[in-house]
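K.L.:
For the sequence shown, our numbering begins at 1 and goes up steadily by one.
Just so you know, not all the hints are guaranteed correct.
Estimated spans, in silico, between C-beta atoms of each pair [stated by the list, open to error]:
1) 5 <-> 105: 31 to 39 Å
2) 65 <-> 145: 33 to 41 Å
3) 4 <-> 38: 19 to 27 Å
4) 151 <-> 7: 37 to 45 Å
5) 7 <-> 144: 46 to 54 Å
6) 51 <-> 7: 17 to 25 Å
7) 42 <-> 144: 13 to 21 Å
8) 145 <-> 5: 53 to 61 Å
If you are wondering where the hints come from, they were derived from the structure by calculation, not from laboratory data. Keep in mind that this is a model prediction, so the values were computed, not measured. Even for Gly, the Cβ is constructed at its ideal location relative to N, Cα and C.
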Amino acid sequence: KTISFLGCSIQMFSFLFLGCSHSFLLAAMGYDRYVAICNPLQYTVLMGHGMCVGLVAVACLCGFTIAEIITSLVFHLPFHSSNQLHHFFCDISPVLKVASHHTHFSQFVIIMLCALVLVIPLLLILVSYIHIISAILQFPSTLGRYKAFSTCASHLIMVIVHYGCASFIYLRPKSNYSSSQDALIPVSYTILTPLFNP
């Protein structure tokens, strides 16, 4: 299929915006589970309407900012006359592959921003789950432990799928990119992630 330069940049921005926002929303969901299990009596105070709206707004603002920076860096590069992408959509790696040259600075900034989007929310999720697991282990009943773990199971599956696929796709140097091998990962990522979303 054919897509215009502008269409490709809009598609990349949209995908990055939604993916980055989703990373930060997963961290917010980890905090929500932490409050629900570790501070159940204060849940309505700590996770009130204002806090929920604030967490979503911050996640979307971070996603928008990072997607804008990465998309601007990628689409300000010069491209070859042959600009065929061997991919399902305009993602960072296949678009960078058809760029005639790119600066090490732009590649460094893109990798650092992708790492930031993946590492910071993941660390927040890990801290939340360390507290959650330590609280669950102190529950006196097995049924209570089971209910608490089952509450977190779908979120943990989401985190593993999201961060596993995203890390594999975005935290590699461009030289290790193989379009034929990596074409199915974004498809599975876009199908499995909404499927397991709690």
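K.L.:
Decide, hint by hint, whether the structure agrees.
P.N.:
Okay, the hints, checked on the actual structure:
Range check, residue 5 to residue 105: Cβ separation about 22 Å, and the 31 to 39 Å hint is violated. For the pair residue 65 and residue 145, the supplied restraint of 33 to 41 Å holds, since their beta-carbon distance comes to about 40 Å. In this structure the hint that residue 4 and residue 38 lie 19 to 27 Å apart at CB is violated, the actual value being about 50 Å. Distance hint for residue 151 and residue 7: a CB-CB separation of about 41 Å, consistent with the stated range 37 to 45 Å.
The hinted range of 46 to 54 Å is satisfied by residue 7 and residue 144, whose Cβ atoms lie roughly 52 Å apart. Hint check: residue 51 to residue 7, Cβ distance near 37 Å, so the stated range 17 to 25 Å is violated. Evaluation of the 13 to 21 Å hint for residue 42 and residue 144 yields a pass: the beta carbon distance comes to about 18 Å. Residue 145 and residue 5 have their C-beta atoms about 54 Å apart, which keeps the hinted 53 to 61 Å range intact.
Hints 1, 3, 6, counting from the list given before, are not met by this structure.
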